[in-house]
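Novice: Between the sequences and the hints, there should be enough to build the whole structure, so can you do that?
These are the residues of each chain, in order.
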Amino acid sequence: MWGRLSADALPVYSIVAAAAAGIAVLGVLAVIVLLTVTHRWTWLWREWLTSLNHRRIGIMYVIVALVMLLRAFIEALLIRVQQAIAYDSGGFLPTEHFAQLFTTHGSIMIFFVLMPFLTGMINVVLPLQIGARDLAFPWLNAIGLWLTTAGAALVMTSLVLGRFSTGGWSGYPNYTGAIVSPGVGPDYWIWALTLAGIGSTVAGINFIATIWKLRAPGMTLMRMPLFCWTALCTSLLIVFAFPALTVATSLLWLDRTFGFHFFTQTDGGNMMQFVNLFWLWGHPEVYILILPAFGAFSEVIATFSQKKVFGYASLVFATMAIGVLSFTVWLHHFFTMGASPNVNAFFGIMTMVIAVPTGVKVYDWLFTLYRGRLRFDTPMLYAIGFLVTFVIGGVTGVLLAIPPVDYTVHNSVFLIAHFHNMLIPGSLFGMFAAFNFWFPKAVGFRLDDAWGRRGFWFWLTGFYAAFMPLYLLGMMGMSRRLERYSHPGWQPWLVLAAFGVVLIAAGVVCQVIQLYVSWRDREALRDATGDPWDGRALEWSVASPPPEWNFAVRPRVRSRDAFHESKVEGLAYPDPGRDAYRDIFVPRNSGLAVAIGWAAYVLAFAAVWRIGWLAALGLAASVLLVIWRSFQTGTTERIPAQTLYDYDRGRREALMRLVPGGEIMHGAAASGARP
Amino acid sequence: MTNPFAARLRRNAPAWPPDAGPAANLAGFAVKRMHAVAASFRKRGEPAGRSGLAALAFVLVGAASLPVAAAPIPLIQTNGPIALEQARLMRDALLLMAIVVLPVFVLAGTFVWRYRRSRQATYRPDWSFSLPLELAIWGIPTCIVIALGFLVWTRTHSLDPYAQAGPGSVLEVQAIATDWKWVFLYPGLGVATVNELVVPADRPFRIALTSDTVMNAFFIPGLGGQIFAMAGMRTQINLRATSPAEMWGRNMQFSGNGFYGQEFRVRVVGAQGFDAWRQHARAAGGQLTRAAYGALVKQQATAPVTTYARFDPGLFDEVIAKYRTEPHR
Ligand code: HEM
Ligand SMILES: [Cu+2]
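Chains as they are written, first to last, in my numbering: chain A, 36 to 710; chain B, 79 to 407.
Source of the hints: derived by calculation from the structure; they are not laboratory data.
Do not rely on the hints blindly, as some may be mistaken.
Taking beta-carbon pairs under 7 Å as the criterion, some of the chain B residues facing chain A (in silico) [what the hints assert, rightly or not]: (1) 149; (2) 168; (3) 178; (4) 180; (5) 194; (6) 201; (7) 292; (8) 299; (9) 303; (10) 306; (11) 335.
Here a beta-carbon is modelled for each residue, glycine too, at the ideal position from N, C-alpha and C.
Specialist: Shown next as structure tokens:
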């Protein structure tokens, strides 16, 4: 009846695991109690969960990312403490639990922190930047969110019921095959990735369609803000790369569950095929993670240098070149497989070729600073920190691309240092910059800058302390994924690395305080004009937060940096006249997407535990719900032209009051908002 | 809770690269204290109030053991031509990249300083294009990548792990990765070992690799290279050591609970020493029969260094063949 599920599934094998399970359960209970006591259930359902509005969905994505970041970070902390004390001793973590920790840490950081973070930011920003009222497919957007959330929920479930995979975030068979890992762990991993992967794929499709079809009149591709270009490129990569992952994990699931032989050791299976498929997705994935951050940095650096971005065309071309090339290098993840030198050298050189457009971008950003008027608000600090730190990761990346060098550091903590050096200052700092930059737009008030800056400095210094020693340790021959070791010379460096993570923890605390302080002082921090940074692209022309329809009359775009130019011309908030207003339609809320997400969760959970009837139920429910949706009518709501007109007139009047002299010109709105 | 393997490694001092073992004892008390606390953690039901002590010990270890940090870096202090070439290659690539990377630090520092708002330096908000600059920022990295590409092409070929490592008659070794130890067979000599690789200095050797478990990665820091060992497949790595030394190697690909201990000793000895070792191994007795091998693999544990006078010929190929089955019909 309950498949493999029994009382044995409870995490009594390690006190740390039991405590984590306890915290997870208590956390969920606390949220439930809080919502009940404050009578917020209806509000939550009406305003948020069922919303199809791109901004609200984006915010929910980011919330998922932040919650999961907290968990994955705590896991990193545990790993670091373990390694700091585990010289010649077992440390405090049982061996198997340690392996689960690096697996969940890596998988969560990639699938449930960075992916939802960047999807959320694109969701919030993209339609506003291209002058669209929403994404092309709002309901599909909600499905993406709820599938991703279901995947995250599945990973959280594994804290309480059963154990997660120990096969690392890359989950190579035959370690993850049925013979070596018969438990539920790899199945949790497979299904979490599959749900998140499908969620990401539909999000990618949606973004591409939106950029292709919904740009405002006059917004040619070459007038798009750079963040939109990177969103486009990332989405293309998602759509082309993710199917490879979904296929790989599905085949692995067939192997495990029904005795197929795709990747088995015997009977003609070949695990290197999995490795191929995995990295065929995996390498583009690292660019999927980093490109939106590049886009955010482009916006941030231009805005806080108060000048045009240098080399727009170069940046666009470099972005697209990176996108194409990213599919030609996957073999560098297994140079040590024993391929011929021709093959290895080819892929090594292709990998280096990608370094060219990446280097070009760095220089373009640098020259954007040149002769600017630099303001060092939190987003800009992250951008500068990124520029300087990221190149170090780039250098070690090129080293890893040289096959004979890779032979000596592959699978070592040198590699760990390298990709954290790309993903933390690159991707994660990019998301932090984007978060601080666009928070006022999404929520309506700015984030406290002092706490933001403190958080930044802790993250930056902590990053160096935590990861620079790993380069050295890698050169000392220290393998990754080591639970303990017998080389005394390693320990001091690992202690230093652990200290670095303590610094990062202080940064995380600052960020939590920043959120609290900003919420407490939200009236003082309110963004009344909608343009708190003297922004350049269209998103700053609308109110913060924007109305449900974003633009009552779609803007006409005549140049890059459209909003900035219109401010210079004194036409920032034009009055199009009553006749320009027409009724518009916005999507009605729909609970179906939530239901489909949870049906998918049930399906995945049942597949993990092999509960046939429940899996059938989950599958049937998801399919039937999709069919049901196709019969629904009246899924949009009309907003009359008069309402739109009144709203816009009210906003224009409010802006007049805010800016002395009643004239809105370059920078005036911004200085009006900043005391 | 200590790793039996580590104890074994240390007993064989002087290790190579020279371990900073004694210096670690500076941390003496703190280490012991910390381990006790950690152990009690593992045993569940840890008495309260200990974590403060653990934290204190943690800091003490950090401070007291800093001298140990000067531990050797096998990737730089190499003991073989392959590793040496790999280290040089790394250095050359770093130097080449410095041409494009150092300016980033300099420019970032300068621009951040000069153009901060409070300094009111020259301000050109519309400057966004410069052909010479564009040509330079595309051109210079391209040239460097071409140079690096040349290095990659030539060195990937000259350092091919499948090519014999320099002149001389090749010593053939076969290595089988198992859970969680390494079995080494010397087909030419007829002897076998577990967790110890003995090779003569200044003579090329070739290790044929396979795995009797999940994927492993064979690596000897300081000698060079790393190659996967996979069930049902045969890969190889060619190496050469310069001078006699005690070294170590390990599996680098996570393979389960015993992974951390999957290290083996590498002894590089002179030509005479090698002969002596072979005779010693011959005389010591012990046979790695199929049955003995099977029992060893089944143990799923690390193992002490063992030497066998003989092994069943064909063992290596049989291990490969074991996984080359056809699908059932
Ligand atoms: C926030 C600070 C972070 C810290 C302190 C940290 C720390 C660590 C540590 C200690 C490991 C294990 C290294 C080992 O195997 O020896 C690890 C692995 C990993 N981390 Fe992080 N990490 C951080 C952020 C991230 C981020 C942002 C990502 C983004 C994708 C990430 C992705 C990974 C991956 C993929 C692995 C490999 C897991 C595996 O071995 O399968 N980490 N990290
Ligand atoms: Cu890659």
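Novice: Indicate, hint by hint, whether the structure satisfies it.
Specialist: Outcome of the hint check:
no.	hint	verdict
1	149	holds (2 Å)
2	168	holds (5 Å)
3	178	holds (6 Å)
4	180	violated (9 Å)
5	194	holds (5 Å)
6	201	holds (5 Å)
7	292	holds (4 Å)
8	299	holds (3 Å)
9	303	holds (5 Å)
10	306	holds (5 Å)
11	335	holds (5 Å)
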